[in-house]
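Going down the list, the protein sequences come from chains A and B. Numbering that gives the first Met the number 0 applies: residue 0 is where the first sequence begins, and numbers increase by one. Numbering that gives the first Met the number 0 applies: residue 0 is where the second sequence begins, and numbers increase by one.
None of these hints come from the bench; they were simulated from the model. This structure is a prediction, so every number in the text was calculated from the model and none was measured. Among these hints, one or two may not hold up.
Below, a list of computed lysine-lysine pairs in the DSBU-like style, where the Cα atoms sit at most 30 Å apart [said to hold, decoys possible]: (1) A:165 <-> A:198; (2) A:367 <-> A:412; (3) A:481 <-> A:358; (4) B:27 <-> A:78; (5) B:80 <-> A:195; (6) B:35 <-> A:204; (7) A:198 <-> A:146; (8) A:322 <-> A:358; (9) B:80 <-> A:78; (10) A:78 <-> B:36; (11) B:27 <-> A:322; (12) A:322 <-> A:393; (13) A:393 <-> A:146; (14) A:201 <-> B:80; (15) A:393 <-> B:80; (16) A:78 <-> B:35; (17) A:481 <-> A:351; (18) A:165 <-> A:249; (19) A:195 <-> B:35; (20) A:195 <-> B:27; (21) A:351 <-> A:338; (22) A:146 <-> A:447; (23) A:204 <-> B:80.
For each label pair, taking beta carbons as the anchor points, the in silico distance ranges come out as [to be verified]: (24) A:241 <-> B:72: 28 to 38 Å; (25) B:0 <-> A:273: 16 to 26 Å; (26) A:390 <-> B:44: 51 to 61 Å.
Derived contacts from chain B toward chain A, CB cut-off under 10 Å, selection only [claimed, not checked]: (27) 51; (28) 60; (29) 64; (30) 76; (31) 88.
Don't be surprised by glycine CBs; every beta carbon is placed ideally from N, CA and C.
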Amino acid sequence: MQLPVLNNTPSQAEHGAKGGCSASSCGTTDNQMDSLPDSIREKVQNHPCYSEDAHHYFARMHVAVAPACNIQCHYCNRKYDCANESRPGVVSELLTPDQAVKKTMAVAATIPQMTVLGIAGPGDPLANPERTFETFRRLSEEAPDIKLCVSTNGLALPDAVEELSKHNIDHVTITINTVDPEIGAKIYPWIFWNNKRIKGIKGAKILIEQQQKGLEMLIAKGILVKVNSVMIPGVNDQHLAEVSRVVKSKGAFLHNVMPLIAEAEHGTFYGVMGQRGPTPDELQDLQDSCSGDMNMMRHCRQCRADAVGLLGEDRGDEFTLDKIEEMDIDYQAAMEKRKVIHQAIQEEMDSKRLEKAVKAQQHQQEPKLTTRPVLMAVATSGQGVINVHFGHAKEFLIYEASPEGVRFISHRKADQYCGGDSTCGDGESVLQLTIRALAGCEAVLCSKVGYEPWEMLEAAGIAPNGEHAMEPIEDAVMAVYKEMAAAGKLDEKNEAVRANA
Amino acid sequence: MAVSIIDLCVNCFACEPVCPSHAISEAKPHFMVDPKKCTECEGDFPVFQCASICPIEGAILDSFGVAINPPGSLTGIPPEKMAEAMAELQSH
Numbered sequence: 000m001q002l003p004v005l006n007n008t009p010s011q012a013e014h015g016a017k018g019g020c021s022a023s024s025c026g027t028t029d030n031q032m033d034s035l036p037d038s039i040r041e042k043v044q045n046h047p048c049y050s051e052d053a054h055h056y057f058a059r060m061h062v063a064v065a066p067a068c069n070i071q072c073h074y075c076n077r078k079y080d081c082a083n084e085s086r087p088g089v090v091s092e093l094l095t096p097d098q099a100v101k102k103t104m105a106v107a108a109t110i111p112q113m114t115v116l117g118i119a120g121p122g123d124p125l126a127n128p129e130r131t132f133e134t135f136r137r138l139s140e141e142a143p144d145i146k147l148c149v150s151t152n153g154l155a156l157p158d159a160v161e162e163l164s165k166h167n168i169d170h171v172t173i174t175i176n177t178v179d180p181e182i183g184a185k186i187y188p189w190i191f192w193n194n195k196r197i198k199g200i201k202g203a204k205i206l207i208e209q210q211q212k213g214l215e216m217l218i219a220k221g222i223l224v225k226v227n228s229v230m231i232p233g234v235n236d237q238h239l240a241e242v243s244r245v246v247k248s249k250g251a252f253l254h255n256v257m258p259l260i261a262e263a264e265h266g267t268f269y270g271v272m273g274q275r276g277p278t279p280d281e282l283q284d285l286q287d288s289c290s291g292d293m294n295m296m297r298h299c300r301q302c303r304a305d306a307v308g309l310l311g312e313d314r315g316d317e318f319t320l321d322k323i324e325e326m327d328i329d330y331q332a333a334m335e336k337r338k339v340i341h342q343a344i345q346e347e348m349d350s351k352r353l354e355k356a357v358k359a360q361q362h363q364q365e366p367k368l369t370t371r372p373v374l375m376a377v378a379t380s381g382q383g384v385i386n387v388h389f390g391h392a393k394e395f396l397i398y399e400a401s402p403e404g405v406r407f408i409s410h411r412k413a414d415q416y417c418g419g420d421s422t423c424g425d426g427e428s429v430l431q432l433t434i435r436a437l438a439g440c441e442a443v444l445c446s447k448v449g450y451e452p453w454e455m456l457e458a459a460g461i462a463p464n465g466e467h468a469m470e471p472i473e474d475a476v477m478a479v480y481k482e483m484a485a486a487g488k489l490d491e492k493n494e495a496v497r498a499n500a
Numbered sequence: 000m001a002v003s004i005i006d007l008c009v010n011c012f013a014c015e016p017v018c019p020s021h022a023i024s025e026a027k028p029h030f031m032v033d034p035k036k037c038t039e040c041e042g043d044f045p046v047f048q049c050a051s052i053c054p055i056e057g058a059i060l061d062s063f064g065v066a067i068n069p070p071g072s073l074t075g076i077p078p079e080k081m082a083e084a085m086a087e088l089q090s091h
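All chains, full assembly: derive it from the sequences and hints.
Given below as structure tokens:
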């Protein structure tokens with residue numbers, strides 16, 4: 000079965016009823032799924048991990064049932080478990096399948112917006128087939144209204160495809176960092192294969208072959224495949240466009256390029272050896288070239304293997320083992336309630352999507368501005384509106400406004416992950432760090448901005464703006480963009496924007 | 000003749016299913032090898048299965064008490080580099 004792929008349809012996007020706009024995401028970010036076939040769009044449009052607007056409404060969770068791994072990656076350290084850390088491979092509490100089912104149902108009953116359950120580790124889910132499949136089997140039966148996802152390094156994937164196709168699983172994510180064994184040897188020091196630890200190029204070659212074979216088998220079964228790649232400057236950054244081409248030609252519907260997370264304190268090979276991660280503009284350039292118009296994963300938060308809640312939040316603390324033990328869940332009743340709430344959310348999303356589409360149309364009819372693009376940061380806690388005080392924002396969403404319209408670019412963390420200390424290393428305050436995280440942005444839109452940050456933001460060349468509280472993000476960004484354009488602030492080429500973005 | 004798992008173990012379960020003698024079991028505070036059952040894989044495999052999948056350097060010792068996976072052998076991080084990074088972190 001050959002699935003259409005994202006970048007194969009540029010001519011349609013260009014020649015459709017788009018009124019001369021060359022980007023299919025023209026006007027707003029939400030037309031980003033237009034070039035997907037209906038069957039796939041239906042599956043992904045309400046998935047918080049795939050749809051930029053859905054992630055403001057629907058929540059996801061991961062259950063940590065899969066501790067064992069069959070390979071070593073240089074960005075991973077199996078020793079690490081810190082509650083303050085948020086990155087893949089990190090968990091606080093390992094669950095048995097039974098505990099995972101209980102936890103999932105407890106979360107689904109308490110947070111009815113939770114629609115997606117993923118198994119992502121902390122090891123490799125398919126290196127723990129019994130625990131992973133027991134969890135999926137029971138959830139398919141006991142909580143049929145929850146979508147199931149799994150992510151894997153791919154080594155054991157070919158043997159698992161048959162079993163995966165039996166459950167309620169329609170998305171599989173494979174992490175493919177390379178299709179070249181020589182590059183692979185620089186990312187994967189060893190794999191465990193056929194009862195041996197195999198190092199270097201030989202191991203990487205087997206891993207790559209298994210990943211590609213697994214990908215082909217999933218596509219043949221009609222299971223949606225997303226490919227994740229970790230961008231490692233100097234190792235695979237130049238090569239990921241080739242990875243993108245290969246996996247899309249085989250039928251992966253989405254290629255998500257994520258930045259390497261490497262700090263010495265993580266104790267990973269890359270962290271200790273001083274391998275740097277990509278800068279935001281390096282990442283954005285590569286994501287643009289790999290995802291084409293479909294910037295569907297820009298809101299990816301690279302969440303923990305036991306994350307619970309909306310993307311960017313973690314409510315895992317409310318659902319520790321001792322707490323779920325005490326909960327008495329009537330799942331039938333919960334399912335009824337969930338259905339009503341999901342319908343209400345769906346209606347709200349549909350009407351907002353329609354509204355945005357109408358606005359995008361209007362935007363295209365207006366005379367086109369001729370400014371340079373500008374980046375703005377937005378503080379939001381969801382629902383697609385500006386509703387967070389500058390000082391309370393844990394992260395900012397970055398939008399680009401240009402003559403083509405408004406598009407979502409990425410998110411940036413405002414606080415340091417280690418949070419406890421108000422000063423760090425070189426004595427910068429949290430506020431200074433936050434402002435530094437906004438480098439390249441020329442405005443920041445929040446529900447309110449205090450006096451001290453206001454002055455510091457202005458000094459840093461970032462215009463603070465609290466005038467659009469509770470307004471839809473895209474509208475507000477567009478309004479500020481038009482003001483800036485009218486004031487002549489966007490006439491000059493601003494080299495700094497791209498350099499620091 | 001038996002291998003042993005020591006307290007560096009992170010309880011990742013990887014070794015338990017690959018043991019041909021079912022000598023490894025989940026225990027507190029970490030997985031344990033039953034020395035009466037462990038055969039050091041003799042007759043089954045040419046290499047220790049548990050130590051071939053274990054991701055943690057130094058967590059599994061041979062019958063002489065020597066780490067089967069010494070520092071640096073799995074992560075590729077030179078031990079002196081690791082010590083340097085840790086000293087740097089502790090000085091903060």
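Hints, one by one, checked against the model:
With a C-alpha separation of about 34 Å, the suggested pairing of residue 165 (chain A) with residue 198 (chain A) is violated against the 30 Å cut-off. Note on residue 367 (chain A) and residue 412 (chain A): the hinted pairing is violated, with a Cα-Cα distance of about 33 Å set against a maximum of 30 Å. A hinted pair counts as satisfied when its Cα atoms are at most 30 Å apart, and residue 481 (chain A) with residue 358 (chain A) qualifies at roughly 15 Å. For the proposed pair residue 27 (chain B) and residue 78 (chain A), the alpha carbon gap of about 17 Å is at most 30 Å, so the pair holds.
A C-alpha spacing of about 28 Å is found between residue 80 (chain B) and residue 195 (chain A), which places the hinted pair at or below 30 Å, so the restraint holds. Taking the CA atoms of residue 35 (chain B) and residue 204 (chain A), the gap is about 38 Å. The hint is violated against a cut of 30 Å. Restraint check for residue 198 (chain A) and residue 146 (chain A): not satisfied, since their Cα atoms lie roughly 37 Å apart, outside the 30 Å limit. Restraint check: the Cα-Cα separation between residue 322 (chain A) and residue 358 (chain A) comes to about 46 Å, which exceeds 30 Å; the hinted pair is violated.
Pair hint residue 80 (chain B) plus residue 78 (chain A) holds up; C-alpha atoms about 17 Å apart against a cutoff of 30 Å. The straight-line distance between the Cα atoms of residue 78 (chain A) and residue 36 (chain B) is roughly 28 Å, inside the 30 Å bound, and the hint therefore holds. With a C-alpha separation of about 22 Å, the suggested pair residue 27 (chain B) and residue 322 (chain A) falls inside the 30 Å cut-off, and the hint holds. A threshold of 30 Å between alpha carbons decides the hint, and for residue 322 (chain A) with residue 393 (chain A) the separation of about 26 Å falls inside it, so the pair holds.
In summary, the hint linking residue 393 (chain A) to residue 146 (chain A) is supported, as the alpha carbons are separated by about 28 Å, within the 30 Å threshold. Taking the CA atoms of residue 201 (chain A) and residue 80 (chain B), the gap is about 26 Å. The hint holds against a cut of 30 Å. Only pairs whose Cα atoms come within 30 Å are accepted, and residue 393 (chain A) paired with residue 80 (chain B) is rejected, the gap being roughly 33 Å. Straight-line distance between C-alpha atoms of residue 78 (chain A) and residue 35 (chain B) comes to about 29 Å, which keeps the hinted pair within the 30 Å bound.
Of the supplied pair hints, the one linking residue 481 (chain A) and residue 351 (chain A) holds, its CA atoms being roughly 22 Å apart against a limit of 30 Å. For a cut-off of 30 Å, the pair hint linking residue 165 (chain A) to residue 249 (chain A) stands: about 22 Å separates their Cα positions. For the hint linking residue 195 (chain A) to residue 35 (chain B), the alpha-carbon distance of about 24 Å falls within 30 Å, and the restraint holds. This hinted pair checks out: residue 195 (chain A) and residue 27 (chain B) have alpha carbons roughly 28 Å apart, not beyond 30 Å.
A C-alpha spacing of about 20 Å is found between residue 351 (chain A) and residue 338 (chain A), which places the hinted pair at or below 30 Å, so the restraint holds. Using a Cα cut-off of 30 Å, the hinted pair residue 146 (chain A) and residue 447 (chain A) is violated, with the two alpha carbons roughly 37 Å apart. With a C-alpha separation of about 28 Å, the suggested pairing of residue 204 (chain A) with residue 80 (chain B) holds against the 30 Å cut-off. Distance hint check: the CB atoms of residue 241 (chain A) and residue 72 (chain B) are about 32 Å apart, consistent with the given range 28 to 38 Å.
Against the hinted window of 16 to 26 Å, the Cβ-Cβ separation of residue 0 (chain B) and residue 273 (chain A) comes to about 42 Å, which falls outside the hint. For residue 390 (chain A) and residue 44 (chain B), the Cβ-Cβ distance of about 59 Å falls inside the hinted range of 51 to 61 Å, so the restraint holds. With a least beta-carbon distance of about 4 Å to chain A, the hint placing residue 51 (chain B) at the interface is held under the 10 Å criterion. Interface restraint check for residue 60 (chain B): the shortest CB-CB distance to chain A comes to about 17 Å, outside 10 Å, so the restraint is violated.
Interface hint at residue 64 (chain B): violated, since its Cβ lies 21 Å from the closest Cβ of chain A, which is beyond the 10 Å cut-off. Annotation: interface hint on residue 76 (chain B) holds; nearest CB of chain A at approximately 5 Å, less than 10 Å. Using the Cβ-Cβ criterion of 10 Å, the hint placing residue 88 (chain B) at the interface with chain A is satisfied: the shortest such distance is roughly 5 Å.
Going through the hint list in order, the structure does not satisfy hints 1, 2, 6, 7, 8, 15, 22, 25, 28, 29.
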